[in-house]
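Engineer: Just need the whole structure built from these sequences, with the hints factored in.
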Amino acid sequence: MEKGKGVMVGGRRWAVDFTDYSTSPSSRDIPDPPGFSRASQDQDDSTLSRQKKDAESNWKSQKAWEVAQAPFKNLLMMGFMMWMAGSTVHLFSIGITFSALLQPISALQGVGKVFEPYKDVKVDLLGPKLLFIALNLGGLALGVWKLNTLGLLPTHASDWVSSLPPAQEVEYSGGGIPIR
Amino acid sequence: MSLGPMMQWMQSILHWVNVNLKANKGNVILVFSKGCLHAVSSIDGEVLWEKDLSAESIEVQQIIRPLGSDMIYAVGFVGSSQFDAYQINAKNGELVKHKSADFPDGFYGDLLLVSSDILVSLDATRTSLVTIDFQKGEIIFKKTHVSDIVDESFGTAVLLPSELSGMFAVRFNTLLVFIKVTIEGKLEVVDKITNAAAVSDALSFSEGQQAFALVEHVDRKILLTMKLVHDWNSDLLKESIAMDLQRGMVQKVFINTYIRTDRSQGFRALIVMEDHSLLLLQQGEIVWSREEGLASVIDVTTSELPVEKKGILVVKVEQSLFEWLKGHVLKLKGTLMLAGPEDIAAIQGMRLKSSEKSKMTRDHNGFWKLLIVLTKAGKLYALHTGDGRVVWSLLLPSLRESGSCKRPTGLSVYQWQVPHHHAMDENPSVLVVGRCRPNWDAPVALSFVDTYTGKELKSMGLIHSCAQVIPLPFTDSTEQRLHLLIDAEKHAHLYPRTSEAIGILQHEFSNIYWYSVEADNGIIRGHVLTSNCIGMVDEYCFTSRELWSIVFPSESEKIIATATRKLNEVVHTQAKAIADQDVMYKYISKNLLFVATSAPKASGEFGMAQPEESCLVVYLIDTVTGRILHRMTHHGSQGPVHAVLSENWVVYHYFNLRAHRYEMSVMEIYDQSWVDNKDVWKLVVGKHNLTSPISLYSRPAVVTKSQSYFFTHSVKAIAVTSTAKGITSKQLLIGTIGDQVLALDKRYLDPRRSLDPTQAEKEEGIIPLTDSLPIIPQSYVTHALNVEGLRGIVTLPAKLESTTLVFAYGVDIFFTRIAPSRTYDSLTEDFSYALLLLTIVALIAAIFVTWIMSERKELQEKWT
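So the sequences go chain by chain: A and B.
In this text, residue positions in the first sequence follow the working numbering: the first is 1096, and each later residue adds one.
In this text, residue positions in the second sequence follow the working numbering: the first is -13, and each later residue adds one.
Note that these hints are calculated values from the structure, not bench results.
It cannot be assumed that every hint is accurate.
Taking lysine-lysine and the DSSO-like style, the derived pairs with C-alpha atoms no more than 27 angstroms apart in a straight line are [stated by the list, open to error]:
#1 B:K576 <-> B:K664
#2 B:K476 <-> B:K587
#3 B:K843 <-> A:K1208
#4 A:K1224 <-> A:K1168
#5 B:K785 <-> B:K732
#6 B:K562 <-> B:K732
#7 A:K1214 <-> B:K848
#8 B:K848 <-> A:K1208
#9 B:K37 <-> B:K122
Structural biologist: What follows is the structure, given as structure tokens:
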């Protein structure tokens, strides 16, 4: 996951953004140099930068949807592997079931991180995020269902009563054949 | 069971005599058994002839064959006052002569052959000696009053059965009188000896001389004297031997001779002690001894070993620093091959001592315990389960003959006090119940014995009798278990006799019941405690009222076997998950009684009854309410029945007359009243009544399942394994007729076995149905050993859940440890810890190496 993210942003690990969109000089600690007019520069690049920004946000939202759909492929593969594993409890089936459970959980935990690179004022990330969560929940459900078919979920009465101690009897009786 | 007839046969041999009759038939052994005299060839065991005397109503006392004669005399009493003698030809068994004479005063006890033609007996009052001359034409009686030959009067006389030619010994209380019969038939006193314990038979040795041994108790020693029969004043041998007081008095003495290295005559004596132990004495020393008392075990219980006290151990080590150094020097010698045979023995002894097996402290797994064994001789032994040695033994003073107790017998032994809270500073103790006389209304004798020291803490000779001992499920503040002793008048006596115990009992008073099985009358009665005894100032005595009774029809049913659950059995859970995750609830009640009855005609030996008229009926009875929970009939079957009841099932063994085979049946009982507890959510939040106390008066609905299987062996005893928590699956331990113990999985005796189990049932572990139970040779827990005369099997739980300790007793005793489901909770002894450690170290190293490598690689990536 970590590596994939790196690839998605074009192998870039870090970047310094020199472009400054702010209009008021007070946002910076350092005063503007003398002769520098902030307004004139803005006017010069405004059309160019807007176009550029639009293209970037478009690309970002497209990418976000792509990332959100990624678990679907995962889901199909997991389903195939579970079918292959069968319904008897052994090392292979248990391993697959637990990875099927853990993968969605870890993905759900890092849902913010996954969509971090596509964060933009203009990009609405709610849709992709919801899809991503839904697909992962689907994966989780598949894992739980598998766990149940393996008989590892305590859904029967027998799973709950087996640990109960036998009931105490109020009366006590002893005796037998008299000792000869 | 097989030993029974054998023993009887042995007992009925009155006498056997070697007769050299014909050269080709070797010696003839005369055996008298069940009123019939047999002559058996010693070469091939052929019965040469037999003479039936059973029709003559004579009680034969002796078979006599005078030396060098072809005649045999069978002498005995008819009634109490008539003496009869039969003269029989030893060659063909023909009756030559029959003589009979009346003795108006009557006889008491046995006949004793003094010389070849003179018998001695006592008259009915036991104050006169009677000599009988039977080989002459007429039988001549001669009566001599005891006071005529012994000056003082000493009360009643007892003839000792020792055969001393021309002489006999009579015991008057503590005084032993040797009396000689002169040629004229007169009686003469030879000597009077006080404190004499036993006299041996006379033994012929060189030049026709005869010697016998006399054993006396002097202080803590025994005095062995060998005398010549015909020369009273010279002692052949006089030895005194220090004797363990716990062995009691000498009961019998046997002698034989040997030639010493200096060619002189030596004598050995074998003595039988009061505790049934055997000792061989030679040259004033005990050469060897055997605890033969352990061959007659009556009852067994257990005790934990002491908890290891760390502080004391250190002190001991300091004290025995020298010993420790010496041990190491010895070991060094051993490794350097310098040790002599003595040193090697010492090293081995040390190894044995220091090994885990024989430690006198509690072990982590609970394998080592003390088996407290009560024997017929009234001796209590503590056996260590690690190496089987006797840790201590105690000849119970309350079970020894005394003025008030003529023939005391030990009955049973119970755990009296098992300290858990104060295990460090309190010792556990056991309760030994005995009786003064064998009859069941005889007064009871209780004694309390500390199981660590083997000392009697307290003993009580009581006025009341004891028909039953009921350990109650309550303990007092010192963790003494409350016991009820039911006497012959059906009064219950509470022990311990403290006000606290009364308080505990009063609290549970209305819930305590007891039942009695009267096998002779065919009645089972249930009782409840009512109030204190009326007319007695004993506040520990309670009366009881009959609550219910079950009367079996005497013409068709006779009680032949009963079984109950073991009091200390632990059941893990009541629920049994079956295929498809369904639940069945076991009917687990401590108050369940299994009773088997059989037609009176078929309760004896096989072949007495036809299959049509014999039928075996089994019952499951609730002993609180007297309710018959289940009844089942096996037509054409008969006893003997051996049964074991555990958890919710009973397994019993009987004979099927129609199939001519033994069968084992299983009966499982399930509770229907809890089946409704199926809602998982209610169970999750704990809203159920499964653990709430239940009353048997609520009449739980039960359902039983049963099935029968053929079994090849006849059975002497059945037991079931027991574990600490009751989780491990059970095995039946079957004492077979070959005196071995066979372990059989309970799974084979499952009533739910079917011919074609479904996949789910197979997963549950149900074995396809077969008509007979398999006997797997590897599952004999006794391996190749035999437990001679097997009578009982006792199982005890170890601390380790998977393991059961098994103690089997008979003439031999046998102890082993078994794991019915393998040792799933411990590593095997050959487990390689070194390999495990090595693997862990290697893995940790690998983790570090790969971690460093990955760090390095990442750094490199960052720079490029």
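Engineer: Compare the structure with each hint and give your call.
Structural biologist: Here is what the structure says about each hint:
Of the supplied pair hints, the one linking K576 of chain B and K664 of chain B holds, its CA atoms being roughly 26 angstroms apart against a limit of 27 angstroms. Simply put, K476 of chain B and K587 of chain B have alpha-carbon atoms about 31 angstroms apart, too far for the 27 angstroms limit, and the pair is violated. Note on K843 of chain B and K1208 of chain A: the hinted pairing holds, with a Cα-Cα distance of about 25 angstroms set against a maximum of 27 angstroms. A threshold of 27 angstroms between alpha carbons decides the hint, and for K1224 of chain A with K1168 of chain A the separation of about 16 angstroms falls inside it, so the pair holds.
With a CA separation close to 22 angstroms, the supplied pair K785 of chain B and K732 of chain B stays within the 27 angstroms bound. For a cut-off of 27 angstroms, the pair hint linking K562 of chain B to K732 of chain B stands: about 15 angstroms separates their Cα positions. Simply put, K1214 of chain A and K848 of chain B have alpha-carbon atoms about 26 angstroms apart, close enough for the 27 angstroms limit, and the pair holds. At roughly 22 angstroms between alpha-carbon atoms, K848 of chain B and K1208 of chain A fall within 27 angstroms of each other, so this suggested pair holds.
Of the supplied pair hints, the one linking K37 of chain B and K122 of chain B holds, its CA atoms being roughly 23 angstroms apart against a limit of 27 angstroms.
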